[in-house]
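Novice: If you want the building blocks of each chain, they are given just below.
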Amino acid sequence: MAETVRLPEQRRRPLAVANLPEEILSEILLLLPPKSILWCRAVCKAWHAMTSDRAFLLAHHRRQPPQRLLTFVRDVGSHDDNLNLDVLDYCVEAVDFCTHQFRSVARFTGQDYDCSLEDSPFTVHASCDGLLLLSHNKYLHLCNPTTRQWLWVFPPALQHDSVVGLYSHGHSSEYRVLYYREIGLGPEFYISTVGSGKERSIWPHSSSASLRKWLAKGKEATQFNEPFLFHGNLHWLPHLGGQNKIVVFDTLDEEPSYQLDVIYGVMESNRNRSYYHDDPELQHA
Amino acid sequence: MATGSGAAAAAADAEEKESGSRMITLTSNEGKAFVVTEASARQSATIRSMVDDGGCVDKGFPLPNVDSKTLARVIQYCDEHGNKEAHTVDERAALAKFDKDFIAELDADKAFLYDVTMAANYLHIQGLFALTTQCIADTIKGKTPEEIRTAFGIEYDLTAQDEEEIKEEDTHA
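First to last, the protein sequences are chains A and B.
If you number the first sequence the way numbering that gives the first Met the number 0 does, the last residue is 284 and the count never jumps.
If you number the second sequence the way numbering that gives the first Met the number 0 does, the last residue is 172 and the count never jumps.
Next comes chain A alone, as it looks inside the complex (with noise of 0.2 Å):
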């Protein structure tokens, strides 16, 4: 189903889009919004495995403004009256504080849940590089939402792991998740390579002693904040009334191998969680 269609005065060379050199292909590409990328991926051979290649997905990525992502459950009503079971949209959406607008990021249809038994069995967990890793009913996945690519991750499994954050591992372009099990004494902290089938065991074999005390206080506040990404790796912020370290995880050693002291002018007088440093030389503790 070859179709060709050329103005008169183009006819004469063969010239098309597709006969442009792929590193200005893909420039044009880059400037694209993310659901015109899903459509480009349907286009041919050619756009297809431009627009799957992780250098261009990244680049990409790393083009869209910075924004929040809010989760949602929405009850679009039953499908067949029937069936007494409503149909609701599990959906992941970034909104542009410049428009004041919503995009759809991420959604997938699933029947009705018991909301008193317990929280939503959707959850997103981490992110990083425009990649999702979130949960439905207790499976993971990863999900590239601008191509519309799932894969399955285990482990963790979460029936009784709890997921701490994700990144990628130096250059070796792996994506990891770091994670903890809860037994016994106390935590266990894990990795998995994404799609690997694979973990290891990071902690207790720590030899970190400032590492040991961070996770026995983690462990006693029950909870171990979200941290961000910030030069390729995990940071944590201080537990409220806490302890006044953040705990950084370095990504290419994985090590938690050192801790910053806040400084508090900083915290006190912008409230913006901003901080401090863009000095490779950190302050180890």
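Simulated from the structure, these hints should not be mistaken for lab results.
Beta carbons are placed, not taken as given, at the ideal position from N, Cα and C, and that holds for glycine.
It is possible that part of the hints are untrue.
As the list claims (entries may be wrong) - Computed beta-carbon distance windows for the label pairs:
{"hint": "1", "chain 1": "A", "residue 1": "H135", "chain 2": "B", "residue 2": "K166", "range": "28 to 38 Å"}
{"hint": "2", "chain 1": "A", "residue 1": "L150", "chain 2": "B", "residue 2": "D108", "range": "38 to 48 Å"}
{"hint": "3", "chain 1": "A", "residue 1": "D74", "chain 2": "B", "residue 2": "N64", "range": "54 to 64 Å"}
As the list claims (entries may be wrong) - Covered by chain A, according to a simulated footprint, are these stretches of chain B (three or more residues, beta-carbon under 8 Å):
{"hint": "4", "stretch": "20-33"}
{"hint": "5", "stretch": "94-103"}
{"hint": "6", "stretch": "151-164"}
Starting from the known structure of chain A, fit chain B onto it as the hints suggest.
Specialist: Relative to the frame of chain A, chain B by itself:
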């Protein structure tokens, strides 16, 4: 913009040197010489670095990847942006209007638009490259795969298996 034989270009070059503003000769792959002001030529990062390195300014710059028709159009852009000031609001508005008309005209002839895009890439003319790529991107934006294939004369070559994969992704919409 002046065009002519190599000798005429050299003469124009010498004349301009006396008046204090250097002229630079660009030669298309068809051997046609285009004499432009240095300010105009400096819109191209490629030529700018060659000029600054003290390269062959007198001999001119042969451009084996650019044909005459394309080069003429590229120079039209460079002349406007290189030779005109953009300090006041009015001046900037005039340039913006020039860009708008320039790209509207190019957009009517897609093959030519791609030629100009490739030349802008080759010569590293950032503003022109941004203008043409954005124009092509705007054509793609909001179109279905079928409409994109029609608009750009792309042959459909996805196998049933590819299609199945893409459909599979789509069901997660």
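Novice: Take the hints in turn and mark each one as holding or not.
Specialist: Evaluation of the provided hints:
Our hint of 28 to 38 Å for H135/A and K166/B is violated, since their Cβ atoms are close to 21 Å apart. Judged by the Cβ atoms, the range 38 to 48 Å given for L150/A and D108/B holds: they are separated by roughly 44 Å. The hint said 54 to 64 Å for the Cβ distance between D74/A and N64/B, and at roughly 59 Å that hint holds. Beta-carbon proximity to chain A at under 8 Å applies to 0 residues in the stretch 20-33 of chain B; the threshold of 3 is not reached and the given coverage is violated.
For the stretch 94-103 of chain B, the stated coverage by chain A is violated: 0 residues have a C-beta nearer than 8 Å to a C-beta of that chain, whereas at least 3 were required. Under a criterion of three residues with beta carbons nearer than 8 Å to beta carbons of chain A, the stated coverage of the stretch 151-164 of chain B is upheld, 9 such residues being counted.
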